[in-house]
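If you're matching them up, the sequences are chains R and S in order. Per the numbering used here: the first sequence = residues 1 to 361. Per the numbering used here: the second sequence = residues 1001 to 1193.
Since the hints were made in silico from the structure, they are not lab data. Predicted, not measured: the structure shown is a model, and the values here were computed from it.
No more than 27 Å apart at the CA atoms, straight line, and that leaves these computed lysine-lysine pairs for DSS-like:
#1 R:Lys55 - S:Lys1159
#2 R:Lys38 - S:Lys1162
#3 S:Lys1187 - R:Lys30
#4 R:Lys24 - S:Lys1173
Where chain R lies over chain S, by a calculated footprint (3+ residues, C-beta under 8 Å):
#5 1130 to 1144
#6 1155 to 1161
#7 1171 to 1177
#8 1184 to 1193
Short derived list, chain R residues pointing at chain S, Cβ under 7 Å:
#9 Phe9
#10 Arg28
#11 Lys34
#12 Thr329
Just so you know, even glycine gets a beta-carbon here, dropped at the ideal spot from N, CA and C.
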Amino acid sequence: MDIRGEGIFPDEVVIQILARLPVKPLLRCKTVCKLWYKLLFDKYFIQVYNEVSRKNPMILVEISDSSLVSKSSLICVDNLRGVSEFSLDFLNDRVKVRASCNGLLCCSSIPDKGVFYVCNPVTREFRLLPKSRERPVTRFYPDGEATLVGLACDSMYQKFNVVLAGCHRTFGHRPDGSFICLVFDSEMNKWRKFISFQDDHFTHMNKNQVVYVNNALHWLTASATYILVLDLSCDVWRKMPLPYELSYRVGNRIYLLDFDGSLSVIQISEAWMNIWVLKDYWKDEWCLVDKVSLRCIRGMVPGIFPISQTGEYVFLATHKQVLVYHRRTQVWKEMYSVKYSSTLPLWFSAHAYRSTMFSCN
Amino acid sequence: MTQLDRLSVYHWLNAWCIKPVGGALVRQEPEYILLALMGSPLKKIMLCSSEKEIFSVEEQVMVQHSVIINNMIEDGSYNHEESKIPLDCVDSKTLKKVIDYCTHHTHHHNDNQEDLEAWDAQFLNVDSNGLYDLLMAANYLEIRNLLDLIYGTIKNMIKGKKIDEIRRIFNIKDHGFTPEEEEQNRKEYPHFY
Chain R
1 MDIRGEGIFP DEVVIQILAR LPVKPLLRCK TVCKLWYKLL FDKYFIQVYN EVSRKNPMIL
61 VEISDSSLVS KSSLICVDNL RGVSEFSLDF LNDRVKVRAS CNGLLCCSSI PDKGVFYVCN
121 PVTREFRLLP KSRERPVTRF YPDGEATLVG LACDSMYQKF NVVLAGCHRT FGHRPDGSFI
181 CLVFDSEMNK WRKFISFQDD HFTHMNKNQV VYVNNALHWL TASATYILVL DLSCDVWRKM
241 PLPYELSYRV GNRIYLLDFD GSLSVIQISE AWMNIWVLKD YWKDEWCLVD KVSLRCIRGM
301 VPGIFPISQT GEYVFLATHK QVLVYHRRTQ VWKEMYSVKY SSTLPLWFSA HAYRSTMFSC
361 N
Chain S
1001 MTQLDRLSVY HWLNAWCIKP VGGALVRQEP EYILLALMGS PLKKIMLCSS EKEIFSVEEQ
1061 VMVQHSVIIN NMIEDGSYNH EESKIPLDCV DSKTLKKVID YCTHHTHHHN DNQEDLEAWD
1121 AQFLNVDSNG LYDLLMAANY LEIRNLLDLI YGTIKNMIKG KKIDEIRRIF NIKDHGFTPE
1181 EEEQNRKEYP HFY
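When you get a sec, could you build the whole thing from the sequences and use the hints?
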């Protein structure tokens, strides 16, 4: 099928078509003609592209082939474009994705501890974050790595913050309960530091599921009794209650996700997946928006984790698969399945992602 | 009966209008049942193609799909008794297809997703100029879902194509790069060409 018309395509039509392309073909379009080349830097096009992406949730997963020891690659799974390979080779470093927010990724270098990048895989731009003079990483406990890594991208003002937080431990001593927080400001290109006191613990899942809403970063704690919030406008930690019904029910698994710009908690029990959304942020009003039966995927329930969602879809990952649930039609679909045996489960390194043309420079 | 009630009843009938005809189950067109029930015809409007051919179509169908037509009817610039809406940039063949699309999607909006998608795929099985004409018509009439459908189809078409093919598809005769720039592009990304 072909469009061999004699006519011209209006700019608006070209913009709408290109905005729906996946990353690789989109970058290819830069070489089609001068007009299209300029279009990719055009503010309006970027707006349309981000709009189209907003309705298209994706998840980024690291797949590691156990037969090739040091090889691991990233794939991106989404509803519009299926499964596509994802490359961060423009960073010229071996990295691990630590956080994802509004199209930007925060990655830490594997060989060089303490080296962080913020990049946009669509535009292939990146910023190497300056090392903070404190050299904080070596003082974090445990592991020498920051316990919490958060990325806060404000798409309206085109700026971002990176947060590294962890417990402090002076050499030879046990951790003293002080929680050191380093915040990188993209506009000033500088780190700032503040200290607070707490002894919350975080599971691996909690560390990966940080949600940026209302200029604050949110994490669940291991005890899952409240949400820990870092308010970036005043560098203050505070706590936020979970829906009343959740705090007192034992035996359910709870996960924190974004829901079209609002905070959301997904509760998984044996047979149900409940989706809660914080409708009024300042009044702590939670609303149960959906109660999904897990009958169809009964066998997978113990090992399934929700990673990313919008009002229409929920993306989940298991040890070896990525599934998507379409809420309106109540249909489950398998989007991706690992073919070989992998050392790490897919959910372990899965991040919610949305492709945007947000600039990090 | 208000317009809203009529539409609800219409959709309810649409879902339940099944009667046996010669042994097979057939959907009885709901507008005829409504006619019988209420004794008044569903409002129709006239669309006039560039070739001056007139198409009569239900007002609700076009109002649901085309933002332009919806605006014309809402702001009162369309007088039911005598006027027709002239669509000078849409020819008869394309207008008929557009009306087809809108009518099907209104009548079958309760169908399951797979059936609708199959119908859409079949609908877009047109000849080389047809898709372009449909795109221009949908753009002019601002029919959101038809536009999304065609955008999706075209984007799939260009996904794997080489640069020269993309230029051909979009009728780009002059790419606007200087000879040096074009040379540079071809050297840097030989697999695109």
